[in-house]
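Those sequence lines, one after another, are chains A and B.
Under the numbering used here, the residue at position 31 of the first sequence is numbered 133, and the numbers go up by one with no gaps.
Under the numbering used here, the residue at position 90 of the second sequence is numbered 92, and the numbers go up by one with no gaps.
Source of the hints: derived by calculation from the structure; they are not laboratory data.
Treat the hints loosely; a few may be bogus.
[Said to hold, decoys possible] Label pairs and their calculated CB-CB ranges:
no., chain 1, residue 1, chain 2, residue 2, range
1, A, 307, B, 102, 36 to 44 Å
2, B, 40, A, 245, 20 to 28 Å
3, B, 41, A, 317, 32 to 40 Å
[As the list claims (entries may be wrong)] Some chain B residues close to chain A (C-beta under 10 Å, calculated; not the full set):
no., residue
4, 75
5, 77
6, 82
[What the hints assert, rightly or not] Residues of chain A clear of chain B, computed beta-carbon distances all greater than 12 Å:
no., residue
7, 176
8, 200
9, 277
10, 328
Predicted model, so just to flag it, every value in this text is computed and none were measured.
We put the beta carbon where it would ideally sit given N, CA and C, even for glycine.
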Amino acid sequence: MPITSVSSAPRVASTAGSRRSLALRAAAVLAVSAAASGAVATLSNSSRPLASEANASRSTASRLAPGEISAVPAAEATAFAILRAPRTAADDFRSIRPGAGPLGANPSLARTALRPATHDGLAPLLVSVVPAGGAVCLRLLITSRESRWWCAAEAAASRGALTVALLPAGPLPNQRTRQFVVGLVPDGVRSVTITSFGGSGHKVPVRRNVYATEMFAPTAISFELPGRGTVRARIRD
Amino acid sequence: MAVAGALVGVLFASQHAAAYGTTYCTGWQPSGGSCVGPEHTLTANIVYDDTGSDALVCDIAQYPGGGYYGGWGCGYGESETCYAGNTLLKGEIYNDSVYWLYMNGTEFYSQGCP
Chain A
103 MPITSVSSAP RVASTAGSRR SLALRAAAVL AVSAAASGAV ATLSNSSRPL
153 ASEANASRST ASRLAPGEIS AVPAAEATAF AILRAPRTAA DDFRSIRPGA
203 GPLGANPSLA RTALRPATHD GLAPLLVSVV PAGGAVCLRL LITSRESRWW
253 CAAEAAASRG ALTVALLPAG PLPNQRTRQF VVGLVPDGVR SVTITSFGGS
303 GHKVPVRRNV YATEMFAPTA ISFELPGRGT VRARIRD
Chain B
3 MAVAGALVGV LFASQHAAAY GTTYCTGWQP SGGSCVGPEH TLTANIVYDD
53 TGSDALVCDI AQYPGGGYYG GWGCGYGESE TCYAGNTLLK GEIYNDSVYW
103 LYMNGTEFYS QGCP
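Extracted from the complex, chain A is given alone in its bound form:
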């Protein structure tokens, strides 16, 4: 059933998810420029951008897609060093189709976390951390024509709750198969331990707030979160 009407304003909710991007993207297509400018201004004001990014964002403000954030929100920069690092050309990526990402994620604010030297197995071509409105996103470039996005609310992401998995094509995402697991953790987490179906643990280093590995049948992840002790979570139910 085609859906034709448009939500009037972007929403920022507390749970993870890009469902809110529906409204943002719809606005990108249909909203008038005045409304779009208002939405951008509202988001810009509420995101409390870093001073170091404010100047840069001014020069790009006119190129913002409606709903797209204009600077890294301070809370996200505080939690994730990768988002405090100065952007370089190596952080740029080419969009599959230009526009705002989920929840107003702005590709021009992205930081490259991982660029695998080889594209073996399930490994993506590029892993980026992209700030959004009240959320943080991981964007994986799978091929030149396919990318994947996952987002978590700032609070959840700050607890290391953004973990995703890539699995081979097939009728079902078979749990007992090789998977590429990637996740975002806050500053201070140096490594994570991923447990496989057989019970063995696999220690994975964290670089630029991101861990990534390909392994057989991952089932759970654990890591030491500074000030909060050990965090344990299932990767697959």
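Using the hints, position chain B against chain A.
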């Protein structure tokens, strides 16, 4: 619990109905359940766990004649894939949790998706 989940799902479905795109397979899916959407030149396929429990859900795309375009992507609460918009594809969603989930897929076929 199930009633609460259904209500939440209905609310989210209503939100989707106020956006631009095509929702498909809205409803309860058992653990391990999957559902395939209609055929479009997709620019995006998104799966949602509408219960709000951030359970593990997966998405993939199929060619109309069979076969898969890339692999599965799984995440908590939602998972989204962007496509170039030049290939006819059908979105598919999958409940990868151990619970029944009220969920849906959304296909886009004209909008930006970086």
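Taking the hints in turn, this is what the structure says about them:
Between residue 307(A) and residue 102(B), the C-beta spacing of about 38 Å keeps the proposed range 36 to 44 Å intact. Judged by the Cβ atoms, the range 20 to 28 Å given for residue 40(B) and residue 245(A) holds: they are separated by roughly 23 Å. A hinted range of 32 to 40 Å holds for the C-beta pair residue 41(B) and residue 317(A), which are about 35 Å apart. About 5 Å separates the beta-carbon of residue 75(B) from the nearest beta-carbon of chain A, less than 10 Å, and the hint is met.
Taking 10 Å as the C-beta contact cut-off toward chain A, the hint placing residue 77(B) at the interface holds, the least distance being around 4 Å. Taken as an interface hint, residue 82(B) checks out: its beta carbon lies about 4 Å from the nearest beta carbon of chain A, inside 10 Å. Separation of residue 176(A) from chain B is adequate, the least Cβ-Cβ distance of about 23 Å exceeding the 12 Å criterion. Its closest Cβ contact with chain B, about 5 Å, brings residue 200(A) to no more than 12 Å, contrary to its assignment away from the interface.
Its closest Cβ contact with chain B, about 8 Å, brings residue 277(A) to no more than 12 Å, contrary to its assignment away from the interface. The beta carbon of residue 328(A) sits about 22 Å from the closest Cβ of chain B, which is more than 12 Å, so the claim that it is off the interface holds.
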